[in-house]
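Keeping the supplied structure of chain A fixed, place chains B, C and D with the ligands upon it in accordance with the hints.
Now for the letters of each chain:
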Amino acid sequence: MRSLATVVALGLALVLTLLMFGLPVADSLRLLGEGAFGDKFGISRTLAKATPLLLTGLGMVIAWRAGMYNIGGEGQLIVGAVGGAAVAAALMGKVVGPVLNPLILAAAMAAGALWSGFAGWLQVARGVPAVISTILLNFVAIQLLAWSVQGPLRRSEGGLPQTAPLPADTMLLKFDRQLDLHFGIVIAVIAVLLVTAFLYGTRSGFRLRLVGASSTAARANRIPSERVAIGSMMLSGALCGLAGGVEYTGITGMLGTGFPQGWGFLAIPVALLGGLHPLGVLLSGLYFGALFAGSENLARFSTGGTTLIYVIQAAAVLAVVALAPRAKPAKVKEAAA
Amino acid sequence: TGGSGSSSSPSVSPAPGAAGATGDFKVALLTPGPVSDAGWSAMAYDGLKAIQIDLSAEINNQEAKDTQIRDAMRSYAQKGYDLIFGHGFEYNEPAIEVAKDFPDTVFVSSSGGQTAANVGAFRFYLEQGFYLAGYTAGLATKSGKVAMIGGDDVPSIRSTFKAFKAGAEAAKPGITVIEVFTGSGQDIAKAKQATLGAISEGADFVIHQANAAAQGVFDACKEKGVWAFGANLNQNDNASGAVVASATIVAGPAFLNLAKSVKDGSFKGGIALMGMDQGAIDFVLNPALQDKLTPEVVTAVEETRAKILSGELTVPKDEF
Amino acid sequence: MTPILRLREVSKAYGPTVALNRVSIEFAPNEVHAVLGENGAGKSTLMNVIAGFVAPDSGEGTLRDQPLPFGRPFEARRRGIAMVHQHFALVPAFSAAENLSLANLRSAWQTHRPDRDAGSSLDLAEQLGWKVEPDRLTEDLPVGVQQRLEILKALSSDAEVVIFDEPTAVLTPDEVEDLFRVIRELKDRGRTIILIAHKLSEVMAIADRVTVLRRGAFVATAPIADVDADQLATWMVGEVPGTRTPISASFKPGLSVTDLHVRGGRGEHAVRGVSFAIGKGEIFGIGGVDGNGQVELAEALAQVRPSAAGSIYLTGCDLEEANIAYIPQDRQSDGLALSMSIRDNLLITGHRRRELTRGPFLRRGAIERWTRDLVDRFQIKVGSVRDPASSLSGGNQQKVVVARSLDVVPELLVAVNPTRGLDVRATDYVHSQIVAAADAGAVVALFSTDLDELAALAHRTMFLSRGLLTDHLVGGDA
Amino acid sequence: MNDVIQIWQFAIPIALAAVGEVISQRSGVLNIGLEGTMLGGAFVAAYVGLTTGQPWLGLAAGIGVGIITSLLQAWFVLVRSADQVVVGTAINLLALGVTGTLFRRAFGESGQLLSVPTIPKFDGLDAVMLATPIIAVLAAASLRQTGWGLLTRASGEYPTAVEAEGFSVRRLRLGAMTLGGALAGAAGAYLSVGIVGSFAENMTQGRGFVAIALVTFGRWHPIAAVGAGFLMGGLEWLQFKLQAQGSGLIPFQLLLALPYLAALAVLVVGAKGTRGPAALGQPLRRDA
Ligand SMILES: Nc1ncnc2c1ncn2[C@@H]1O[C@H](COP(=O)(O)OP(=O)(O)OP(=O)(O)O)[C@@H](O)[C@H]1O
Ligand SMILES: Nc1ncnc2c1ncn2[C@@H]1O[C@H](COP(=O)(O)OP(=O)(O)OP(=O)(O)O)[C@@H](O)[C@H]1O
Ligand SMILES: [Mg+2]
Ligand SMILES: [Mg+2]
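The listed protein sequences derive, respectively, from chains A, B, C and D. Using this note's numbering, the letters of the first sequence map in sequence onto residues 17 to 353. Using this note's numbering, the letters of the second sequence map in sequence onto residues 175 to 494. Using this note's numbering, the letters of the third sequence map in sequence onto residues 6 to 483. Using this note's numbering, the letters of the fourth sequence map in sequence onto residues 986 to 1273.
Chain A extracted, bound-state conformation (with noise of 0.2 Å):
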């Protein structure tokens, strides 16, 4: 019932969104339709954009199932892959690709954690909320980046702004060349998978969800929730990091300003239309994912003008937030729908 509305909302927000700009409506679903799925192309390009989004919106929900409102999901997945970049610029030449691979993960992940971690340790031991400090951090990175692609991993003095591109070897695998499709997809689902398996059904999953749902009752219960905060907003970060590591490896292949794409911060509207659950994030994560390619296209092939896919964007996110029932981490509903 629920989802019908959700799905007839999306659907009107869209028309009117094209009404207003004065679009053919019927091509311009068409287009969108296309991009997203009208073929192989559309279809690869559905999961490569889906593959951030479920990356960043599970790193959400461990963070706001602790109660930790990280908000920093773009700042984690910038940093992630710069960490990720200077092992690249480290070992470029020095390891095979198949193993300088795992490495940048890895090294995007840690990143990813240690600057979530910096986040949830203000928020534990000096009191500052994490909602403002990850808003913050999000800026600081992406000076960050500008810093570093301008000084210590630009590729060449001169040249411009930007790391030295990865050898096809180092890069994730693609399933075939023409297509965007890459490795990250299957990282991605196997993470949903495990995410699901350690909130519901380990004894730190569980520790972790009490911690959110009410810090006091953790403490009056010994159980440490500053150290599970923490452990949170790190995990939450290692997930974001892995999504910037994914992106620049299976995607870009390289690093400038231009990088970061917003992935960071759809995480949220990702996370909370999938009810703060793993397996609601698959769902929403691939929803967003097909939805971008989609209005990619459109705006891409319609005579709206490129800058018509914010719009897009902005109408689509609006239409489910309107509708999704509420979630605040506190009060995240436990009851069964």
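Don't read these hints as lab results, they were simulated from the structure. Predicted model, so just to flag it, every value in this text is computed and none were measured. Be careful, since some hints might not be right.
To be verified - Beyond 12 Å from chain D on every Cβ pair, some chain A residues (computed):
| hint | residue |
| --- | --- |
| 1 | G54 |
| 2 | K56 |
| 3 | A105 |
| 4 | L209 |
| 5 | I239 |
Unchecked claim - The calculated label-pair distances, taken between Cβ atoms and stated as ranges, are:
| hint | chain 1 | residue 1 | chain 2 | residue 2 | range |
| --- | --- | --- | --- | --- | --- |
| 6 | D | Q1130 | C | A210 | 25 to 31 Å |
| 7 | D | D988 | B | V472 | 34 to 40 Å |
| 8 | C | G388 | A | G49 | 41 to 47 Å |
| 9 | D | L1220 | C | R363 | 56 to 62 Å |
| 10 | D | D988 | A | I206 | 53 to 59 Å |
Said to hold, decoys possible - With a straight-line Cα cutoff of 27 Å, these simulated DSSO-like cross-link-like pairs (lysine-lysine) come out:
| hint | chain 1 | residue 1 | chain 2 | residue 2 |
| --- | --- | --- | --- | --- |
| 11 | D | K1106 | D | K1226 |
| 12 | B | K316 | D | K1226 |
| 13 | B | K316 | B | K442 |
| 14 | D | K1226 | B | K398 |
| 15 | A | K190 | A | K110 |
| 16 | B | K346 | D | K1226 |
| 17 | C | K192 | C | K136 |
| 18 | B | K274 | B | K442 |
| 19 | D | K1106 | B | K398 |
| 20 | B | K346 | B | K481 |
| 21 | B | K239 | A | K190 |
| 22 | B | K316 | B | K466 |
| 23 | D | K1106 | B | K434 |
| 24 | B | K481 | A | K190 |
| 25 | B | K396 | B | K466 |
| 26 | C | K204 | C | K136 |
| 27 | B | K316 | B | K396 |
| 28 | B | K319 | B | K442 |
| 29 | D | K1226 | B | K396 |
| 30 | A | K56 | B | K274 |
| 31 | B | K442 | A | K56 |
| 32 | B | K319 | B | K346 |
| 33 | B | K316 | B | K274 |
| 34 | B | K319 | B | K466 |
| 35 | C | K204 | C | K386 |
| 36 | D | K1226 | B | K319 |
Glycine residues also receive a C-beta, built at the ideal position from the N, C-alpha and C atoms.
Only chains B, C and D with the ligands this time, still in chain A's reference frame:
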């Protein structure tokens, strides 16, 4: 099946290759900034429009910076585009890479040093225009200080600034050339602030590479009563009334000729240097403000222009 | 006596739980109207409906023949209905004076000065002999003082209807007497007072009329003169609860506490050197007025709060590893994670049980069986164990805490006001569980502000005053 | 002196927006959509200023857009109880898309360097520059010393307490959001009809986010936030002067990261006493 794609062609519409049928010719343009920047990207967009009209091509364009470039190129190639322009040297390397996977699409970047059978480049020698602007500023400055305001700090911009500086020094040895970057080609307020900063340090001629933020530069010049140069497009008629001359790129013919060669199948990779001699670069004095420059200055500038055109004077440019 | 406030056929269900079942009830001006009922009978829900915090599923209500603004608390407040919440509505980060000012604001468009705007309430507090430091942060105040603030807020308004939802639960008998004086005064000024309390003695002392609810349904309304405690108890539960007397015995050594110092949340010296010993199987009562270090002492014993100096020994086991059961005084914030399922709340202790886990993993099936068993054994009234704990009434919430703590006999049981806000039957039940734990050999530290409770259960009782243990009396003989 | 006026002028957009954000956050609403609201204000102010030739009308229109944007946001946040951060993020996207699209429709796809008349200045000072500190003081005084302020702060701390006293949290937050939106709109408008008299796509360039950092930096106090904005403006001006003097001492990325680092540092060093509003970012929930 990874890596086997080089022999298969995109499935959307069989690419017509170099010798496609009319009406079926598809051209895409990638720009580093919004095409509404009334500058670098806008100029390329005008070139694309010319292709649409003259060759009745289907055109499309998108903004794509560094890491987004490959993705955008791939998506056009997947859609069976025949020619993909990347407006800037940063598109050259991605073009080389993506072109391997899409042999039926031609990739061209504005500047860049690598080519392949289906990858070409043309480089706008805008440094020539900037040199003349610097030369003009050097002759006309009273304070002995001139300034350059940059948006994004990228090599192509730095190269034009070097030429401006060389021109200024040629005209007035020992001149101070101030250089300030704002980090954004869209932040008008910062551009104005940076310009005010340069003017407060004594600059009385200012050139910019700030694209959409250029109005901030002109505004500051107008406010403080100093002169500005336009860049990329002819900005002499800017409402500020502060632009004495512009160093311009005339991109239309270059884009059109290249597209024609792709369409009729005569395209063969390679790099073309597009300078004043091809009419691709110009330095246009503002007739309305001609009286602000002494006749001697105008004459000297024209002499230098002639030297550049004749090849007697080679304006420095960076390779990147 | 013409009623001023009428409810007709009001129903409210939470999923399968029927909180209110076609309740009709009338309140008159100039009366103190007590509402009685077991835990979960629907009292708070009914009050929340009147005050606009809960919108009923059906039914209607009128105040002075105008329809009640269901679901819009601010509107109800405007129309003259004030409520003292069972769970306080105070801004923790505000000073006491700011919180009182909130209640005294007449309009958003007036100027505000905390001292001036809180003035009348502070005066009232002084009249009552209640100590309220206006500049202290509310969150730093002991629960008892917070309760006073909550009451002062409601009193300072010129509301026609004032609802008190269990205001006496954390007050001392003296404080209760002061409150009742105020209530009588309000009544004399023609107000309608609705009072929820579990202690029948209190109800008999103050109420003019009494209404009893049972399982969401209206049972009876009667003038207080026409009923006695037995009658009320029968209406409430359908039977008269029995009572229990503690046995005294000599105990094997259990807990020994020496010169213990504990600091409070703001670093203040809350417990200042106490020493005592509790034997295995002994129930040791710790009484006293709220805010004298009880919570800090309890938390230190329960290993929730570090002690600043001194020692705590538990004979025969390491305190770190010991099975310590802790029933905190604030079940809503410290006892439960309200948004989590009842099952998850039971798991708060359960996830440590060896038989429910395998290494880092939880055993789903075993947990399911264990949960069922606890719900049955402790007679927790639940729809489904997957419902959130917030859906339980206060009493059943407490049962969840007790059940998971006393599932296996702990080495040490620390309970703070374990029957706060519970009805007679639930109180009796919790008492019997505490006694059973002691009988099975647990060391029991029972903190309570309720003298009767201490007298009924504790073998020995001491009083905590300003962080020091003072008096000493013997349980059964007291 | 001249420098001070200059710094002050360029600091106005972030300072004004920060005051609005303080009010909004004090009521419990974290407005991440500040950037978008400013951008909307900047565009409409430029458009109206250009077509009417009246910068004041432009400013008024910018404020109007700010209010409309905040009402839209309020519907999601207050009526639908949607997550504030998500809605704010969407507002930013929306503003980027709508202003970009409209700009291209109105001024051609290749854009134009617009020249819009600006608000008149006297000795480098204009009305908005003078008004900003006054607005900050008024905001601070109202938050402290009026019933509205007390209620608004309570809404940001513990909404239930406000409802219990007969005031609507929804209305209070709506009020705070509207004020915040109006100020953000004005801030954006000042960028396009106060400082430069022009518009370019995405010309706000992160100023909304800087303003959010200033709120934290200024510990949710309007005057402190404005002071922090002034400090930021000063550093930026210093940076440009240093660049112009030819010393590449400070990489400008560091300068750009400065407000965030400073805000973080302040929090790290002295956060224990001052927290943000307890209910910040939490949706309002009535009984289900
Ligand atoms: N002990 C366990 N071991 C393995 N998997 C488990 C375990 N417990 C739960 N799961 C799996 O986790 C998922 C969620 O289960 P659960 O019953 O906890 O959901 P829920 O309580 O409805 O979720 P929520 O808490 O989000 O409302 C299910 O797919 C379930 O199979
Ligand atoms: N928000 C809610 N969601 C689900 N069920 C609820 C909710 N609030 C109350 N209930 C249920 O409604 C019934 C009545 O609860 P209520 O709080 O009114 O009881 P009460 O008489 O005040 O009990 P107590 O004396 O324990 O406070 C209980 O069964 C309770 O579990
Ligand atoms: Mg669960
Ligand atoms: Mg109750």
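Against the structure, the hints come out as follows:
Remark: the non-interface label on G54(A) is consistent with the geometry, its nearest Cβ contact in chain D lying 23 Å away (cut-off 12 Å). Distance check for K56(A) against chain D: the nearest CB is about 29 Å away, which clears 12 Å, and the non-interface claim stands. At the 12 Å boundary, the C-beta of A105(A) stays outside the reach of chain D, the nearest C-beta of that chain being 18 Å off. The beta carbon of L209(A) sits about 26 Å from the closest Cβ of chain D, which is more than 12 Å, so the claim that it is off the interface holds.
The Cβ of I239(A) sits about 22 Å from the closest Cβ of chain D, beyond the 12 Å cut-off, so the non-interface label holds. Distance hint for Q1130(D) and A210(C): a CB-CB separation of about 43 Å, inconsistent with the stated range 25 to 31 Å. About 37 Å separates the C-beta atoms of D988(D) and V472(B), a value consistent with the hinted range of 34 to 40 Å. Our hint of 41 to 47 Å for G388(C) and G49(A) holds, since their Cβ atoms are close to 43 Å apart.
Taken as a hint, the range 56 to 62 Å holds for the pair L1220(D) and R363(C), whose Cβ atoms sit roughly 58 Å apart. For D988(D) paired with I206(A), a C-beta distance near 58 Å keeps the hint of 53 to 59 Å intact. Proximity of K1106(D) to K1226(D) is assessed by CA-CA distance (about 23 Å); at most 27 Å being required, the pair is judged to hold. For a cut-off of 27 Å, the pair hint linking K316(B) to K1226(D) stands: about 21 Å separates their Cα positions.
Taking the CA atoms of K316(B) and K442(B), the gap is about 50 Å. The hint is violated against a cut of 27 Å. A threshold of 27 Å between alpha carbons decides the hint, and for K1226(D) with K398(B) the separation of about 16 Å falls inside it, so the pair holds. Between K190(A) and K110(A) the CA atoms are separated by roughly 23 Å; this keeps the pair inside 27 Å, and the hint holds. For a cut-off of 27 Å, the pair hint linking K346(B) to K1226(D) stands: about 24 Å separates their Cα positions.
At most 27 Å may separate the alpha-carbon atoms for a hinted pair to count; K192(C) and K136(C) meet this at roughly 24 Å. A C-alpha spacing of about 15 Å is found between K274(B) and K442(B), which places the hinted pair at or below 27 Å, so the restraint holds. Between the alpha carbons of K1106(D) and K398(B) the distance comes to roughly 14 Å, so the proposed pair stays at or under 27 Å and holds. At most 27 Å may separate the alpha-carbon atoms for a hinted pair to count; K346(B) and K481(B) meet this at roughly 18 Å.
A threshold of 27 Å between alpha carbons decides the hint, and for K239(B) with K190(A) the separation of about 23 Å falls inside it, so the pair holds. For the hint pairing K316(B) with K466(B), the CA-to-CA distance comes to about 12 Å; that is within 27 Å, so the pair holds. Distance restraint check for K1106(D) and K434(B): the Cα-Cα separation of roughly 54 Å exceeds the 27 Å cut-off, and the hinted pair is therefore not satisfied. At roughly 54 Å between alpha-carbon atoms, K481(B) and K190(A) are farther apart than 27 Å, so this suggested pair is violated.
Of the supplied pair hints, the one linking K396(B) and K466(B) holds, its CA atoms being roughly 14 Å apart against a limit of 27 Å. For the proposed pair K204(C) and K136(C), the alpha carbon gap of about 25 Å is at most 27 Å, so the pair holds. Annotation: proposed proximity of K316(B) to K396(B) holds, straight-line Cα distance about 17 Å (limit 27 Å). Only pairs whose Cα atoms come within 27 Å are accepted, and K319(B) paired with K442(B) is rejected, the gap being roughly 46 Å.
Among the hinted pairs, K1226(D) with K396(B) is consistent with the structure: their alpha-carbon atoms are about 19 Å apart, no more than 27 Å. A hinted pair counts as satisfied when its Cα atoms are at most 27 Å apart, and K56(A) with K274(B) qualifies at roughly 19 Å. With a C-alpha separation of about 31 Å, the suggested pairing of K442(B) with K56(A) is violated against the 27 Å cut-off. For the hint linking K319(B) to K346(B), the alpha-carbon distance of about 10 Å falls within 27 Å, and the restraint holds.
A hinted pair counts as satisfied when its Cα atoms are at most 27 Å apart, and K316(B) with K274(B) does not qualify at roughly 55 Å. For the proposed pair K319(B) and K466(B), the alpha carbon gap of about 17 Å is at most 27 Å, so the pair holds. Using a Cα cut-off of 27 Å, the hinted pair K204(C) and K386(C) holds, with the two alpha carbons roughly 22 Å apart. Taking the CA atoms of K1226(D) and K319(B), the gap is about 14 Å. The hint holds against a cut of 27 Å.
The structure fails to meet hints 6, 13, 23, 24, 28, 31 and 33 from the earlier list, while all remaining hints are met.
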